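Number of protein chains: 2
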Amino acid sequence: MRWLKFTASGKTSWGIVEGDRVIAVDGDPFAGWQRTSRMLPLSEVKIELPLIPRTFYCVGLNYLKHLKEAADKRGEVPAVPDRPEIGYRAQNALIAHDEEVVIPSFATDKIHYEGELVVVIGRKVKHLTEQNAMDCVFGYTIGNDVSERSWQKEDRSLWRSKNADTFKPMGPWIETEADLEKMETIVRVNGKETNRFATADMIFGVVPFLVELTRYFTLWPGDVIWMGTDGASPDIKHGDVVEVEITGVGTLRNRFVREER
Amino acid sequence: MRWLKFTASGKTSWGIVEGDRVIAVDGDPFAGWQRTSRMLPLSEVKIELPLIPRTFYCVGLNYLKHLKEAADKRGEVPAVPDRPEIGYRAQNALIAHDEEVVIPSFATDKIHYEGELVVVIGRKVKHLTEQNAMDCVFGYTIGNDVSERSWQKEDRSLWRSKNADTFKPMGPWIETEADLEKMETIVRVNGKETNRFATADMIFGVVPFLVELTRYFTLWPGDVIWMGTDGASPDIKHGDVVEVEITGVGTLRNRFVREER
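Read top to bottom, the protein sequences are chains A and B. Numbering (our numbering) for the first sequence: 1 to 261. Numbering (our numbering) for the second sequence: 1 to 261.
Be aware that a few hints might be false.
Claimed, not checked - Straight-line C-alpha distance at most 27 Å; calculated DSSO-like pairs for lysine-lysine:
#1 A:Lys237 to B:Lys126
#2 A:Lys192 to A:Lys73
#3 A:Lys126 to B:Lys110
#4 B:Lys73 to B:Lys237
#5 B:Lys124 to A:Lys11
Bear in mind the hints are in silico, worked out from the structure with no lab data behind them. Computed from a predicted structure; not experimentally measured.
Chain A on its own, in the form it takes in the complex (with noise of 0.2 Å):
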């Protein structure tokens, strides 16, 4: 199932997607919902952020290509995670599918994207195990974490880098039934294919995380845990188009453009 957050005619609302059509419902998939007879073309809705976490969850480092391309960059040897560590972005950055992305007037030209899969948590859970985890997945969507790196150089934190306004693209749509096995992550830059891998391919993979997180955290309904990218970018331009594809789940696309002095 592929839950959408849309507006049409004034009115947000969440709904399914059915082929190009969405369906609207009553309530929320995590309250509780039903459906109405209101459906909609999807070419003529408003895509809204699927939701805005309560704790918003984001792995560093979780693909060897990556870690290897951010370690020469700092000229070290790459240092691949022995345990699963979790890190955090910032709820003000998200915003949806189709939103730009606005790199500030005072930014370098060292925009980079970060195509990403985002696992939604839908229970309240703590203390998960091994064979238990992936019950409280209530699906994915994709994440762009974009990244300034001359600031990310510089800030202790990361707190400017990654979390300055619209910088986290989260959506469009979160898919209940993906196969996170099969996915492929493809980023296109203006409709030409820049990376891809597979998905799953992480040095640390959702299971070994949420049994790790759950020891020390509570995970709450609408939690999101973004879970790294591999590969690197170019440099992204005002205008350009960047797509994140993760086959079975959907494309998330934002243009980036540069705020004027």
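Mind docking chain B on chain A? Use the hints.
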């Protein structure tokens, strides 16, 4: 004005504290409210967490003695930050006044408090100036940035060390009229004073942080910024009661208990 979120007779609402009583209001202080005729003794209500912030900001190193102490522990020369840099904490960890901080059974004895001033944002703002920055401040509350120091040494992003469930007590209420320049932060363990410092004695104050953050970020009503702490903490043990008082704001009190194996 002193804004309290509380529960009485099974109903949770906002109220205004006057002396030892609380007057319930309809609505909330951010979106609009009005007084009701319901008045209760403060001692008879359950004090709730004032709010769950949309984004949870926290300054890591913002007082000189704390900075020096942290550097000494790492065997380093203290490096004073040359600009305001922000970090993040996680919403899962928040608890209210008088709720218990639960130390995981597998944590070490290096459990420390950090008594902090918390700035509560009242309006949606960006691009603040030195002149108008304080206009977005709704009021102040108090935070205890509980830390497990052995995990802190190992964590890449302070994920467990700072954000384990219950490690972020905040409250008891939001005070809208306190004068930052006159505040003192006083910490007591089991009634005995262990720290005292001028709350405003920060490396970077509230205004520089608001100006710098809003170059990059939109702040939203209910966002919080924890402003850092001074000095050091003794190791906190099972059964200890930690009180963080900020004069003119209030006292946040929490008992620490060690989870049984």
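Cross-check of the supplied hints:
no.: 1; hint: A:Lys237 to B:Lys126; verdict: 24 Å, holds
no.: 2; hint: A:Lys192 to A:Lys73; verdict: 25 Å, holds
no.: 3; hint: A:Lys126 to B:Lys110; verdict: 23 Å, holds
no.: 4; hint: B:Lys73 to B:Lys237; verdict: 21 Å, holds
no.: 5; hint: B:Lys124 to A:Lys11; verdict: 22 Å, holds
Hint compliance for this structure: every hint is met.
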